[in-house]
Structures are given as C-alpha cells and as structure tokens.
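Same order as they appear, the protein sequences are chains A and B.
Just so it is clear: in the first sequence, position 62 is 62 by our numbering, and no numbers are missing.
Just so it is clear: in the second sequence, position 119 is 119 by our numbering, and no numbers are missing.
Derived from the structure by calculation, the hints contain no laboratory data.
Be careful, since some hints might not be right.
As the list claims (entries may be wrong) - Straight-line alpha carbon distances no greater than 25 Å define the calculated BS3-like cross-link-like pairs of lysine-lysine that follow: (1) 409(A) - 315(B); (2) 195(A) - 83(B); (3) 195(A) - 404(B); (4) 188(A) - 404(B); (5) 559(B) - 315(B).
Unchecked claim - Partner residues are not named here, just some residues of chain B that face chain A (Cβ under 10 Å, in silico): (6) 46; (7) 59; (8) 62; (9) 68; (10) 96; (11) 100; (12) 178; (13) 366; (14) 409; (15) 426.
Owing to the predicted nature of the structure, the values given are computational and were not obtained by experimental measurement.
Ideal Cβ positions, reconstructed from N, Cα and C, are used throughout, including at glycine.
Spelled out, the chains give:
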Amino acid sequence: MSLDRPLTRNVRADKSPTDMAAYEANGGYQGLRAAMGKLSPGDCLQIIKDSNLRGRGGAGFPTGMKWSFVPMENVSTGHKYLICNADEMEPGAFKDRLLLECDPHQLIEGMILSAYTIQADVAYIFIRAEYLLAADLLRQAIADCHAKGYLGKNILGSDFSLEMHVHPSAGRYICGEETALISALEGKRANPRAKPPFPQVSGLWGRPTIVNNVETLCNIHHIIERGADWFQSLGLTEDAGTKMYGVSGRVKNPGCWELPIGTPIREILENYAGGMEDGYKMRGFLPGGGSTDFLVEEHLDLAMDYDTIGKAGSRMGTGTMIILDDKTCPVGFVKNLVEFFAQESCGFCTPCRDGLPWSAQVLDDLERGRGRPEDLETLARQVSFIGAMGNTHCALAPGAMEPLASGLKYFRDDFERHISEGGCSFHTGGVS
Amino acid sequence: MPVIHIDGQEYEVEAGQNILQACLSLGLDLPYFCWHPAMGSIGACRQCAVVQYLNPEDNRGRIVMGCMTPVMDGAIFSLNGDKASEFRRTIVESLMLNHPHDCPVCAEGGECHLQDMTVMVGHRDRQYRGKKNTHRNQYLGPLIHHEMNRCITCYRCTRFYNDYAGGTDLAAMAAHDHTYFGRHEEGVLQSEFAGNLVEVCPTGVFTDKSLMKGYTRKWDLQSAPSVCTGCAVGCNTLPGERYGKLKRVHNRFNAEVNGYFLCDRGRFGAAFVNSEKSLEYPGLRGEDGRFNALDHHSALMHMVHACHAEEGKNKVAGIGSPRASVEANYLLRLLVGAENFAPGFSDREQPLIELALALQQDSPALIPDIQTIESADAILILGEDLTNTAPRIALALRQSVRNKAYELAAELRLEAWQDAAIRNLAQDQRSPLFIASVADSRLDDIAEDRVALAPDDIARLGFAVAKLIGGENISELEPELQARAQAIATALQNAQRPLIISGTGCGNAAVMQAAAQIAQALCQAHNRAMLALAVPEANSLGQAMLTGPGAQSLAQLSKRAAAGKLDTLIILENDLYRRGPKASIDALLANVANVIVLDTLDNATLSASSLALPAASFAESEGTLVSMEGRAQRYYPVFVPRQERRASWIWLLAVMKESEREEVSELHSFDDITRACASDIPALSGITGAAPDAHFRNAGLKIPRQTHRYSGRTAMRADVSVHEPKQPVDEESPLAFSMEGLNRSQPGSLLPFVWAPGWNSNQSLHKFQSEVGGHLKGGTAGARLLLPATGTSASTATQPDATLAPSAPQQPGQWQMVPRYKIFGSDELSVHSPAIAELVDPGFIEISSDDARALGVNDGEGLVLNKPDNASQGELLTIAVATLEVRLNDSIAVGCAGYSVGLAGTEDIIAADKLVLSKADNWKRHKPQIIGSDGGGSTGGDHV
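Whenever a hint applies, use it, and build me the whole structure from the sequences.
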C-alpha cells in the first residue's frame with residue numbers, strides 16, 4: 001500500500017477499473033467506516049481545513065474554507081447538495097478521467113464523507129458526456145454502495161442518509177464552471193450565475209450546494225483516514241498533498257502522473273514525460289491547461305504549485321501542461337485556443353460573446369496573411385478588455401485571454417513576423 | 001442615506017439601490033442595456049461599467065458593473081474616467097460587430113436605445129474586419145415583427161416574456177455569438193403581453209408590425225396622453241398619429257396603474273380608430289330606408305327637433321354607455337333627464353356592476369392600485385379570468401406571487417434588484433395564489449391550488465372561507481371543498497397583505513359578495529386586506545357612479561317603448577345588440593319613432609337608427625373614464641377628428657344649446673361639463689382632480705403634442721395644398737397641436753411623449769421620473785374616487801341574500817352556460833383593429849370530453865344550443881340560441897359549458913342560462929380534423 005501516491009494506489013498498469021471487492025480489499029471504505037462511528041461533521045471539516053487541501057479544479061481555493069460557508073444550522077427544511085464536477089473539458093486535461101475510470105469507488109467514498117461533512121443529503125456526479133465508460137462504472141459503483149449500505153438511508157447504521165446520482169453533461173465547456181454547472185443540472189441554459197450569492201448559500205434549486213472537482217473529492221477519504229499532518233507532509237512546498245500532473249504535446253511520453261505537489265516542472269517534463277520528441281525543442285508551455293498563461297524555458301525549475309506558478313505569471317490550473325514546440329506556430333496555437341473559447345462562450349456577457357470572436361478573427365487574419373500593423377494593438381486592447389476578472393460575467397473569457405496575453409509577451413516576434421511577412425511561415429506556402 | 005463619491009462629487013443616494021439606479025436617479029448618464037427598472041439586474045451586457053476605488057489612495061481602481069454593485073456609504077466611483085469610458089466604448093463596439101447598419105430602414109430608428117447608447121459612449125469607427133453573423137427571422141404572428149440580425153443579446157426579451165410575464169414560447173437558443181431569440185418554430189407568440197417586446201427590446205429585433213405597415217418615425221408622430229379603452233383597468237397609453245391615422249400605441253408610465261407594460265389588446269386594439277367602418281358624416285334615414293349624408297348643422301337641427309319635447313307628446317329617453325366618457329354620459333342624462341336615462345348595461349350586468357360599486361364603496365378593505373396588488377403576499381381569485389378580462393392585473397399578480405422570493409432574498413440580504421439571483425434562490429416557491437373559477441386560466445401555472453366550480457359553488461366556497469376567517473365553523477361544504485376552504489382561509493390569515501379578487505366576469509352576484517365578505521372578515525383581523533373587483537368596460541364603474549343604484553334598465557325602457565310611451569331614443573356609443581338578445585333589441589328599436597345613435601364605428605344599432613351622428617373616438621376627443629379601482633383618468637385628443645366627426649359631448653352640448661336648455665347656459669367648455677358633473681354627482685365629485693384644466697400652463701407654456709423634430713407639416717398635405725394651414729388650436733386642454741411648448745415635469749396626466757436630450761428612446765422615461773422606476777415628477781395621473789370605508793360593520797350590500805344551496809344537479813341534457821373570455825375578441829372595439837382581427841376565432845363552446853362523448857361530438861364539430869321553451873307543456877320544445885364549434889376542455893366545471901363571450905355566434909347566450917345541447921347536423925369544420933390527436937387538447941388559455 002503506497003501512502004505517498006494515495007490517489008493512484010488502485011490504478012493498475014492496464015488501467016482496468018477497481019471494483020468494489022478490489023477496492024475494499026485494499027482498505028477501501030475503512031475511512032468511511034471509521035468516520036461514521038466517531039467523527040462529527042465538524043470534526044471532518046476541521047481535518048480538511050487543517051490539511052490545507054486546495055481545490056484541484058483549477059482555482060485552488062481552500063476546500064475546507066469553501067465548505068465552512070455552508071450553513072449548518074436552521075436548514076432542517078430542504079435539501080443540501082454536494083456536486084462532483086466531473087465535466088473535465090479543459091483543453092489538455094485528462095487527469096479526472098484516469099481517476100474516474102480506474103478507481104470510481106475512491107471518488108464515491110470521498111463524496112460520501114464530503115456530503116457527511118456538509119450534511120448534504122443528495123449528491124450529483126456531473127460528468128462529461130463523452131466519459132461513457134466512467135459514467136457506467138460510477139453507476140455500477142453507486143449500485144454496489146447501496147447494496148453495501150454505504151449509500152442510501154442511514155448509512156452504516158448512522159442517522160446520515162445520502163442519495164447519489166450520475167448526471168451526464170449535455171456537453172459544453174462552460175458546464176464545468178460551477179454555477180453554469182448548477183444551471184445545467186437544473187435543466188436551464190448553462191449560463192454562469194453572478195456571485196454573490198455563492199452556491200454554498202444558494203446553489204442547486206436555491207439550496208446550499210458545494211461543487212468540487214473529482215480530484216479534490218478523491219483526496220477526502222485519505223485525509224480523513226490518515227489525518228491532516230500526513231497530507232501536509234506529502235507536498236514538497238507550502239501546498240499539501242499530491243497532484244495529478246499531466247503533459248501533452250510533442251513529448252516522448254505524454255501522460256498523467258500523481259506526484260507530490262510542488263514537484264519541479266523540469267522533473268515532470270523530463271523524468272515522467274520523457275523530454276521532447278527528437279527533433280523538437282520546447283518553446284513554451286501552458287502549465288495548467290488551455291486557459292493558463294504561457295511559461296517558458298526560464299520557468300522550468302519552478303515548483304509546480306499554486307503560489308509559485310501564480311507568482312511566475314500563470315496558474316497551475318488543472319496541473320495538465322500543454323507543450324508548445326518549435327515547429328508549431330505560436331500564433332496558430334493561440335488562435336486555436338481562442339477559437340475554442342469563443343465557440344464555448346455561453347453567449348451571456350458581451351466581452352466574452354463578442355470579444356472572443358473578434359480576437360479570433362484578428363488571429364485568423366494574422367495566420368492568413370491579412371494582418372495589419374495595428375492588429376497587435378487591437379489584440380492588446382482585447383486582452384485588457386476581456387482579460388480582466390470582473391470585466392466579464394465569469395472566468396471563461398479571462399482564462400481564454402491568458403494564452404493570448406502571454407503569447408504576445410513571449411512570442412511577440414512571431415506575431416510581428418506574421419504581419420511583416422504576410423502570413424504564417426510555419427505552414428507551407430505561408431497560408432493554412 | 002448613504003453618501004457615495006462619483007468623479008470627485010459627493011452624492012446622497014437611496015439605500016438599497018445599485019450604482020446604475022443611483023446614477024440615473026441623480027440625472028447622470030450611464031449607458032445600459034440589459035437592466036430594466038421593472039426587471040432588475042443580471043449583469044449580462046456589461047455596458048454600465050464604472051470604476052470603483054477601494055479607498056482615496058487607490059488610483060487604479062477596478063471595473064465593476066453599475067447594475068450589480070450596491071451603493072455603500074463612502075464608496076468611490078468614476079463614471080467618466082478614461083478606464084470606464086474606454087470599456088463602455090468597447091462594449092458598444094463589440095455589440096456592433098454583428099449589428100447591421102440598417103438604421104435607415106429599421107422601425108426602431110430614431111427611438112433606438114442602441115443608437116442612443118452608441119452616441120453616448122462615443123463609438124464611431126469599427127475596427128472589426130470580419131463578416132457579420134446573420135440569422136433567419138421568424139413569423140411571430142400579426143403583432144410582432146422579428147429581425148434577429150439586429151439583436152445585441154441583452155436577454156431583456158426572454159426575461160420579460162418568460163420571467164416577468166410567464167410566457168413559455170420565446171427562448172434564448174444556441175450559444176456564443178449565435179445566440180438566437182425566438183420560438184422553437186415559427187408561429188404566433190402566445191403571450192398576451194408579447195407587444196411589450198417592442199418597448200423592452202433596446203433595438204429593432206421586435207418591432208410593431210402594424211406600425212411598419214404605415215411607418216412613421218417617433219419624431220413625426222403626434223401624440224397625447226390617453227387611456228386604454230380595452231377594459232376597465234385603465235392603462236395609461238401614448239397613441240401616436242400621423243396622416244389622420246393612429247399609428248401605434250406605446251405605454252405611458254403610471255406607477256399605480258400599468259407601470260411599464262400594456263397588454264396586447266390595449267397596444268394593438270386601439271387601431272379600431274382607423275377602421276373603414278368609422279363614420280365621417282351624419283346620416284339621416286330617408287323615406288326609402290337609406291341613409292343620406294348631412295352636414296353637421298343639419299344633423300344637429302334634426303336632433304334638436306327630435307328631442308323637442310312638447311308637453312305630453314314627445315317622450316325622449318337616452319341610453320348611455322359604459323365605454324363613453326363620464327362627460328358625454330352626464331350630458332345625455334342631463335338632456336333626457338335622470339328618470340329617462342339608462343346607463344346602457346345589459347340587464348344581466350347592470351345589477352352586477354351596481355353591486356361591484358356598492359361593495360367597493362362599503363368595503364373596509366383597501367381598493368388596491370397595481371403597485372399595491374404587486375405587494376400582496378396571498379391572493380384569492382374568485383370566478384374571474386383576469387388574463388382575459390383585466391389582463392394587466394394578471395400580469396401584476398405574476399409579480400405578487402414573487403413576494404415569497406423577496407422574503408427569501410431578504411434573509412440572504414440580497415437586494416430586490418438581484419433578479420437572476422433571486423429567481424435562482426426561490427425557484428418555484430411562490431406566495432400563495434388560489435383560483436376558484438369555472439375552468440382553467442392562464443394564471444394556473446403560478447397558483448398553489450385551482451378548483452373549477454360552477455359560479456354558485458364558487459360563491460359557496462367564498463362564503464365558507466369568510467366564515468372560517470371569522471372564526472365560525474362550516475359544515476355546508478363537501479369535505480373536499482371544505483379542506484380547500486380551510487387551506488385558503490389559513491393562507492389568507494397568515495398573510496400580511498392578503499388580496500381578494502373577483503368581478504362581474506362569471507356573471508354571478510354571490511361570487512362578488514363572497515369576495516367582499518372575505519375581505520371584510522380579514523379586515524376585522526388584519527389591517528391591510530385588499531379587495532379588487534373587475535368590471536367589464538373602460539367606464540363601467542363611472543357609469544354606475546353617475547346613475548347610482550336603481551337606474552333605468554334596458555328592460556324597463558323596452559317596456560315603456562312597447563307601451564308606446566317613447567318617441568325618441570338617443571343611444572350614446574353603445575351597440576345594444578351586444579347588450580341583449582337580438583329579438584328584444586329589435587323590438588325596442590322598432591317601438592321608437594326616432595332612434596338617434598352617436599357612435600364611432602358602424603354597428604348593428606347604428607344601422608337600425610333613423611339619425612346617425614359620427615362620434616369622435618377616444619383618440620380624437622377628450623373625456624374622463626373611471627377605472628375598476630375607481631380612478632378617474634383623463635384622455636385627450638391625439639389628433640383632430642376628420643370631416644364631421646365630433647366628440648359626443650360636443651354633439652350633446654350643441655343640441656342642448658340649440659334647444660336653449662337652461663341647464664347648459666353656463667356650460668361652454670369641456671372643463672365646464674366636468675365641473676358641473678362633479679358638483680351634481682357626489683360619487684363623481686373627484687373627477688376634476690383627474691387632470692389639470694385647460695388653463696394649466698407648464699412654466700407659462702402649453703404642452704406640445706409634436707416633438708421638436710416633427711417634420712413635414714407642409715409636405716404631409718402637399719397633395720392637397722402646399723400651403724401649410726394654421727395648426728388647430730386646442731382650447732379644451734393645456735396641450736397644443738404643435739411643436740412649441742414645454743414637455744417637462746408637468747403632471748403625469750399631461751405627458752404626451754417621453755424624450756430627453758441624448759435619450760431618444762422610451763428609456764428617456766427616467767428623466768421624467770422622480771427617481772428611476774419611481775413616480776412621475778409631476779405626480780401620478782388620475783384621481784381615486786374610492787376610499788376604504790372607515791367602519792368595519794357589514795353593509796347591506798355585502799350580505800348575501802341567503803346561504804346558497806349547492807348548484808342544482810344537472811338536468812339531463814342541460815348545461816349551465818358559463819362565460820369564457822378572450823383577450824382578442826370578447827370586447828367590442830379592439831376586434832376592428834386589423835392585427836387583432838387576425839387572432840379572433842369564431843365563437844365556440846367548451847365542454848368536457850366526457851360530455852362530448854355523451855353528446856356524440858368531437859373537437860371541432862358543431863353543437864346546437866337550445867333554450868327549453870318553458871311556455872310549452874308536455875313535450876320538450878326548444879328554441880335554438882346558437883350553433884357553435886365544440887372545443888374540448890376537461891378543466892371545465894361539471895355541469896357547465898363555456899361559451900366564448902363576444903365572439904361571433906354567441907350574442908344570444910346569457911350567462912347562467914341552462915341550455916340543451918345537441919349535435920349540429922351539416923356542420924362545416926373551421927379547421928381540418930387532426931387524425932390521431934391526443935383527444936382534442938384543451939384550448940383554454942390559448943388565445944389563438
């Protein structure tokens with residue numbers, strides 16, 4: 001039993017799913033059994049707070065603090081909800097898929113304990129529509145839990161009851177935004193909601209609701225079982241625990257690994273991803289998925305944790321890196337992302353709905369050799385117009401501007417050459 | 001009050017507002033799109049961005065949305081700093097990415113909020129080089145034109161249509177910059193309030209289809225403050241005219257009557273004024289039975305002669321009208337004498353309307369205006385289908401039931417303007433609304449409980465509720481009804497501001513008495529119970545106030561006529577064939593030698609007259625109407641009537657002057673008549689307060705009906721003459737048929753249009769309000785004539801005659817006729833508007849599918865309605881009353897059949913009649929039969 005890789009300890013080499021028997025055989029649901037007997041919801045909350053677990057969906061908000069906003073008194077009438085955000089759609093991210101497909105019970109045990117902590121009586125797993133295998137495994141796992149008394153009425157003889165449902169997303173990126181997810185779950189347009197009120201107070205169906213990422217919830221039972229100090233000791237830096245890191249792009253061994261949080265980027269790239277493919281050099285990378293700022297060579301020795309990456313001008317985000325190599329056009333790379341986000345805008349607020357297609361159009365002109373000298377100024381204007389948090393209704397558009405803003409900073413030559421040379425030199429003939 | 005700092009200035013602002021509201025109320029121009037004073041904030045358009053600074057040392061600040069930022073004492077903002085201005089300019093530039101440059105051909109041009117905001121933010125040159133997105137437009141029915149390319153995706157349309165007005169067939173579809181606002185498929189918009197989209201949309205996506213058929217820009221419209229004549233709610237309107245045609249109707253804000261919204265009957269029905277049926281010349285029936293046109297002087301002389309009463313020889317009677325002004329009715333009553341004046345109600349409705357007035361006069365409950373209705377936290381509707389009889393009240397009730405949501409929001413300290421947040425918080429939790437009616441209604445979706453009962457049973461339920469509130473036990477009801485009564489009583493007792501609504505709609509006096517008793521019982525326990533009683537027509541209540549109880553009825557006049565005791569009958573703006581069975585009206589008119597009719601449009605009564613006088617419509621004349629809440633309101637001529645049309649009061653005054661009648665020797669003007677009426681009729685003494693008299697001047701000036709950009713006064717009539725005639729002089733009001741004058745801060749009753757520098761659209765309204773969304777600066781229009789009675793003792797009127805027995809068991813083969821109203825078709829005049837006419841169905845009868853099966857008819861087939869002939873003994877003889885199309889409606893009360901009031905073919909049906917139904921032979925379907933339908937489908941509530 002590996003204690004330093006808790007999340008992936010049940011992940012087999014062939015990636016076959018861990019079923020109830022195998023999960024229990026490896027100590028599964030012991031944390032739940034132990035907690036239901038002796039820990040109060042308040043105890044659990046304190047452990048999570050002490051553990052310094054931060055949300056693994058991208059924002060890195062302290063999980064214990066998030067939970068502490070859920071009203072625990074005078075809510076006898078009506079439901080409270082726990083929602084697992086399994087709508088993994090960030091470009092470059094595939095870490096939750098691994099956890100869902102290889103060890104569904106780990107998530108469920110984490111969710112039961114999380115729901116117990118906030119005293120939620122209904123839990124939803126809002127899962128990306130394409131994750132068909134994971135959804136099936138989760139449904140089976142939930143059924144198995146009912147049979148075992150881990151879910152349903154009076155779990156393990158306690159007075160705590162929980163129903164859990166798998167809800168496939170209808171398939172838009174914005175559904176991964178927690179309030180848009182709630183709107184989608186209610187059957188409404190998946191538009192994000194303004195905060196305040198926060199979901200902890202008025203979420204699903206207007207009731208107190210917690211939305212957490214798959215990886216976050218997978219950590220919970222380990223922390224409850226082994227304690228905050230153990231969890232703190234896993235991290236290499238200020239941050240606690242392990243992290244699912246991923247690398248995609250022209251590397252020898254793209255993939256996803258659980259490593260101590262704060263592992264240096266170079267170590268992830270070279271020791272795990274195997275370094276760049278032969279004939280390719282790295283020009284830069286998005287450390288945390290498609291909506292994070294580029295980092296470059298000089299940042300490779302930074303520790304991959306929330307604060308270090310934040311100080312370097314980017315975000316750890318989902319922890320799944322996308323590598324930009326020297327044979328790929330940075331302008332085209334950014335354009336591809338901006339077009340994705342423009343397409344995935346819910347259409348609610350103006351800067352996102354109309355600003356992103358505008359940025360995409362300028363980038364497209366650059367790629368097609370129709371760029372004009374003033375275009376870089378236009379793009380810079382777009383970055384400050386769309387990119388500042390608060391200018392838009394939610395974080396989608398600011399996220400979409402991150403690769404563009406940092407691309408203009410680190411690869412300005414490429415942008416300028418597209419204008420001066422009348423197109424993209426990475427493509428044969430200059431025009432795609 | 002909090003003090004905030006904006007661009008270095010200190011301002012005291014209203015607590016609980018957001019920055020956008022505060023800025024607009026302060027008179028500062030802050031652009032916006034998605035926010036609406038009646039609908040609150042959602043933060044979609046990002047147009048009202050301002051910069052907020054953390055403290056005086058903060059010199060960077062951050063952009064926040066004005067509409068989403070509460071005012072807080074000491075907060076520091078910049079409106080005009082570069083950062084905020086640049087952001088707002090870029091928002092408009094972004095909105096313009098896909099907005100077509102079609103202002104010259106857009107019906108919104110010149111009153112477009114998007115145009116105004118574009119100019120306000122200073123956006124001029126577009127940098128975007130891409131193609132504009134385009135959309136396919138939809139056919140949305142005869143009222144609304146759809147032009148999706150112009151959309152700026154502010155979401156106001158769906159927020160109004162669905163969230164505010166309860167519609168279900170307009171939606172935001174698709175996403176990103178392809179978001180599409182329309183129906184899931186083409187077709188007529190189903191909401192009765194769809195027309196408000198025209199005013200709610202900040203640009204030209206939804207425009208007035210009938211305006212577009214003879215288009216005029218806002219600046220070329222001549223308009224005047226008016227009052228809708230479509231029902232008794234009395235919504236304030238702004239009709240606009242050009243070329244002698246009424247071009248369109250916009251909402252005229254009145255915080256207490258209609259707020260920002262009208263119903264579609266009101267908005268689109270007023271076009272009856274343009275009908276080809278409108279009379280232009282007087283007509284005298286000749287020997288050959290045909291009408292000959294007369295000039296107005298000859299017509300007047302004929303009428304003077306006909307009215308000349310020689311002692312014992314010529315007996316004159318008059319029939320007034322609940323759709324004519326107080327002044328015209330007053331003069332006719334003066335002309336013929338009170339004892340010879342019938343108010344013009346049908347025999348069935350006259351006692352009901354007198355009762356409605358008496359109940360309200362005697363009730364200790366508050367007679368609510370619309371704002372008060374919207375404050376109600378528990379509501380009971382007894383027997384009234386408000387969406388079709390008083391539509392604007394139904395829209396208000398959709399806001400009342402949200403008080404539960406506001407209570408929940410207050411617990412979370414959410415400000416009332418946090419629209420999306422509050423809707424998400426409350427979901428479907430609503431303040432309780434109970435409906436007892438003869439069948440389904442459009443408010444059922446927000447009702448906690450709804451029960452369909454025959455009218456007498458509705459009354460029984462109501463009396464039981466009153467008893468329960470009064471602490472009595474009840475035993476007379478069936479157990480299931482008893483439980484309902486208990487639930488209703490409990491909800492009303494637990495409410496702070498309970499509201500009881502009923503009316504004349506289901507044709508049953510006891511129903512209204514029950515409503516009044518409940519209100520009274522609540523008043524004994526609460527202080528703030530409200531009672532609202534709907535009456536049918538624009539001046540029904542004023543007419544009851546004018547005559548008082550016991551006025552001549554049509555039946556009494558008919559009897560006098562039949563006895564040969566009437567020589568001349570003057571009928572004022574009233575088609576009697578809508579007031580009684582054809583045979584009895586035929587008889588009445590045949591028994592009188594001189595039938596003089598004053599009316600606007602040709603109708604059956606007018607055709608039967610011997611002298612017809614063309615009466616100016618509401619849009620060409622002035623008058624006072626008394627709404628269902630007892631509010632006297634003044635309307636003014638929008639334009640000068642063409643040819644020989646004259647306001648009825650002018651005809652009647654002239655006749656009396658020519659006859660040298662002493663009563664009118666001191667009456668010279670419209671104001672004189674109003675004053676005389678107010679001093680003669682105690683119940684109407686308050687009507688002089690409805691609006692200032694003709695001497696009023698706004699800072700020394702008259703108030704212009706024409707905008708300062710009014711154009712083409714010469715060109716308009718260049719086909720006749722290139723000389724511009726002098727503008728007509730309006731001696732009867734403070735308004736002028738002119739561009740000169742001052743349209744600012746005058747009393748609300750005198751607001752002819754809204755327009756302010758930089759604000760060409762209807763959004764300029766806030767410049768006329770004391771604070772944004774608040775009352776008009778010059779005061780709210782209208783004078784309340786009904787005040788709550790001080791005592792709480794039951795008056796005689798509120799006592800039911802007896803405890804009602806349960807509805808008599810159904811006679812085999814007989815059904816009780818219950819009225820079913822249609823917003824399009826049940827009233828007299830709006831059906832003459834071409835757009836509305838497209839939405840009016842032929843008459844129908846609604847029965848349950850069980851009854852249909854028993855009668856052997858299907859949906860869409862015909863039924864003959866027969867009246868049992870009581871005179872015949874022995875074998876059952878019947879008289880056919882009507883033949884109507886069957887509509888299946890399983891919500892209809894057992895033993896009842898609903899007939900469509902006012903629709904063709906239902907004229908001779910009387911509410912509460914028990915009729916024999918039988919399948920019609922040789923029936924020709926109006927619509928093809930749908931094979932494999934789901935049983936016909938209930939049509940109740942659908943208006944097309």
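How the hints compare with the structure:
1. 409(A) - 315(B): Given that 25 Å is the threshold and the Cα spacing comes to 98 Å, the pair is violated.
2. 195(A) - 83(B): 23 Å, holds
3. 195(A) - 404(B): 21 Å, holds
4. 188(A) - 404(B): 22 Å, holds
5. 559(B) - 315(B): 14 Å, holds
6. 46: 5 Å, holds
7. 59: Constraint on residue 59(B) not satisfied, violated at 16 Å.
8. 62: 6 Å, holds
9. 68: Holds: closest Cβ of chain A sits about 6 Å from residue 68(B), inside 10 Å.
10. 96: Holds, because the Cβ-Cβ distance from residue 96(B) to chain A comes to roughly 9 Å (cut-off 10 Å).
11. 100: At about 14 Å, which exceeds the 10 Å cut-off, the nearest Cβ of chain A leaves the hint on residue 100(B) violated.
12. 178: 7 Å, holds
13. 366: 32 Å, violated
14. 409: Interface hint status for residue 409(B): holds (9 Å vs cutoff 10 Å).
15. 426: At 6 Å from the nearest chain A Cβ, residue 426(B) passes the 10 Å test, so the hint holds.
Violated hints for the displayed structure, listed by number in ascending order: 1, 7, 11 and 13.
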